[in-house]
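**Q** Turn these sequences into a full structure, and let the hints steer you where they fit.
There are 2 protein chains.
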Amino acid sequence: MISVVILGAGNVATHLFKAFEKAENIVVNQWYNRSLKTIKPYKNKIEIIDDLALLNDADVYIIAVSDDAIAELSEQLPFENKLVVHTSGGVGVYDIDKKHKRGVFYPLQTFSKDAEMDFKSVPICIETIDKKDYHILKALAISIGSPTKKVNSDQRRVLHLAAVFVNNFTNQLYRIGHEITESEGAEFDLLKPLILETAKKVQELSPYMAQTGPAKRHDKKTIKKHLKILKNEQHKDIYKLLTKSIQNTHGTSTGSATNFEKNTHNGRKKL
Amino acid sequence: MISVVILGAGNVATHLFKAFEKAENIVVNQWYNRSLKTIKPYKNKIEIIDDLALLNDADVYIIAVSDDAIAELSEQLPFENKLVVHTSGGVGVYDIDKKHKRGVFYPLQTFSKDAEMDFKSVPICIETIDKKDYHILKALAISIGSPTKKVNSDQRRVLHLAAVFVNNFTNQLYRIGHEITESEGAEFDLLKPLILETAKKVQELSPYMAQTGPAKRHDKKTIKKHLKILKNEQHKDIYKLLTKSIQNTHGTSTGSATNFEKNTHNGRKKL
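Listed in order, the protein sequences are those of chains Z and E. Quick note, in my numbering, the first sequence goes up one by one and the last residue is 271. Quick note, in my numbering, the second sequence goes up one by one and the last residue is 271.
These are computed hints drawn from the structure, not numbers from a lab. From the three backbone atoms N, C-alpha and C, an ideal C-beta is built for every residue, glycine too. Treat the hints with care, since some could be wrong.
To be verified - Label-pair distances were calculated between CB atoms; the ranges are:
1. Z:237 - E:251: 13 to 21 Å
2. Z:120 - E:150: 36 to 44 Å
3. E:150 - Z:154: 49 to 57 Å
4. Z:221 - E:76: 31 to 39 Å
5. E:120 - Z:135: 41 to 49 Å
6. E:237 - Z:43: 47 to 55 Å
7. Z:129 - E:209: 37 to 45 Å
8. Z:75 - E:231: 31 to 39 Å
9. E:248 - Z:78: 54 to 62 Å
10. E:44 - Z:22: 51 to 59 Å
11. Z:116 - E:76: 52 to 60 Å
12. Z:78 - E:231: 41 to 49 Å
13. Z:251 - E:237: 16 to 24 Å
14. E:120 - Z:76: 52 to 60 Å
**A** In structure tokens:
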């Protein structure tokens, strides 16, 4: 049995609480938040507290608060030499106060407030300063069904950055698709199967191999047509820049590509 | 029973052939391609020809060739007053020679050469000059299980453009994610569940509502960190431009957004 205390009440904290609650060999001892209001709906399931002095003993303390608040909260914890981890992609493990045994338990996924999350689809990136602490975090992840990966701070930092590209920026491209279609009275919904298929394709194929379209084909006529249709100057800039980026990746129409492309385009690995 | 002739041998032609073959009330009479080599593997299932003079009678002739070749091929067809359609997102219906009854049968999806495609996930955008021709194309789409939508040339043009954003450009963001992670020895595979979840999210939620992350939060500290990690100048430019685009969409941190955003962010429609 692994005992856990959760600190924070955002999406990550809430989804972790729900997953831990269902897991057989995890017990959540307490849920702390600065304000009780957010976690009050759970008060019949778990002891909720808003005073750090009330914290009980646990195997792992999970700080799931905003990046800026992690260091300070870890400092305020009224004990030492216990395993304290944060859940952030962008914060170093050394930002946790040094009086603790320190680690990171970073779920690489986007959480919605309402939708249920199956933790089978949530890879947990684990980092610990002391090797001995690694196994308990791995056991914690496995108990909720998550794949795990040992990831150092540099790797976690680039994963977080890459996540901005494949999640936030991709979502903004969906948004632009939404704007463009609705501006002509066409339905964005018609694009939804394509959006899903595009994401499914790279589950098996590398993005390099999956690429198609006018930019890759150097189809100047279509590119020109598209730029003419776009009215928003920023959309035009995005179209041009990403077209150039695709062409850099895939080389000229006669087919020169950099070494990275050649080396990675077949990359099919299992998680 | 609807009889069909397919002209062309690319991904769209091949996937359509396979779907038509399975459908109960469709018969493919012939499959034409300029070179027989590509379609030879199908010669036991269907009459294959490389000579337009051999074309038989059919209810619908489907031209699924590259955009540039559509007009000329339609002109070369040795008959008139029959229903001839193309399958392109970017070509007008009037590009088909005027001796024919003309239409468009545009499958809005990305097709892989090898992977099977379930046409339930392939919306067919239909356009015809004569209203009477619409119903046979709709029946054709329904027979292979596809959702259909009446779409005029302007709408089809913007759908095709939007498809470049949500498919080609999105795939390039995946590619950049691949480059960034591998540059630090982190695994791109860790991002795959996130990629899938990002696409799934907008099946229910508008991209506006689904947005999260440092750009939307105006989290300058994280944005600065990310730009520092990025070594590739073009990746930096893409990061900056898409961050700006997100901030234009979502307004300042105090929350001003344009009318379009306010009007569409709740948009949940069914196909």
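**Q** Please go over all the hints and tell whether each is borne out by the structure.
**A** The hints, checked one at a time:
no.: 1; hint: Z:237 - E:251: 13 to 21 Å; in the structure: holds (19 Å)
no.: 2; hint: Z:120 - E:150: 36 to 44 Å; in the structure: holds (40 Å)
no.: 3; hint: E:150 - Z:154: 49 to 57 Å; in the structure: holds (53 Å)
no.: 4; hint: Z:221 - E:76: 31 to 39 Å; in the structure: violated (21 Å)
no.: 5; hint: E:120 - Z:135: 41 to 49 Å; in the structure: holds (45 Å)
no.: 6; hint: E:237 - Z:43: 47 to 55 Å; in the structure: holds (49 Å)
no.: 7; hint: Z:129 - E:209: 37 to 45 Å; in the structure: holds (39 Å)
no.: 8; hint: Z:75 - E:231: 31 to 39 Å; in the structure: holds (34 Å)
no.: 9; hint: E:248 - Z:78: 54 to 62 Å; in the structure: violated (45 Å)
no.: 10; hint: E:44 - Z:22: 51 to 59 Å; in the structure: holds (54 Å)
no.: 11; hint: Z:116 - E:76: 52 to 60 Å; in the structure: holds (56 Å)
no.: 12; hint: Z:78 - E:231: 41 to 49 Å; in the structure: holds (43 Å)
no.: 13; hint: Z:251 - E:237: 16 to 24 Å; in the structure: holds (19 Å)
no.: 14; hint: E:120 - Z:76: 52 to 60 Å; in the structure: holds (54 Å)
Of the numbered hints stated above, those contradicted by the structure are hints 4, 9, listed in ascending order.
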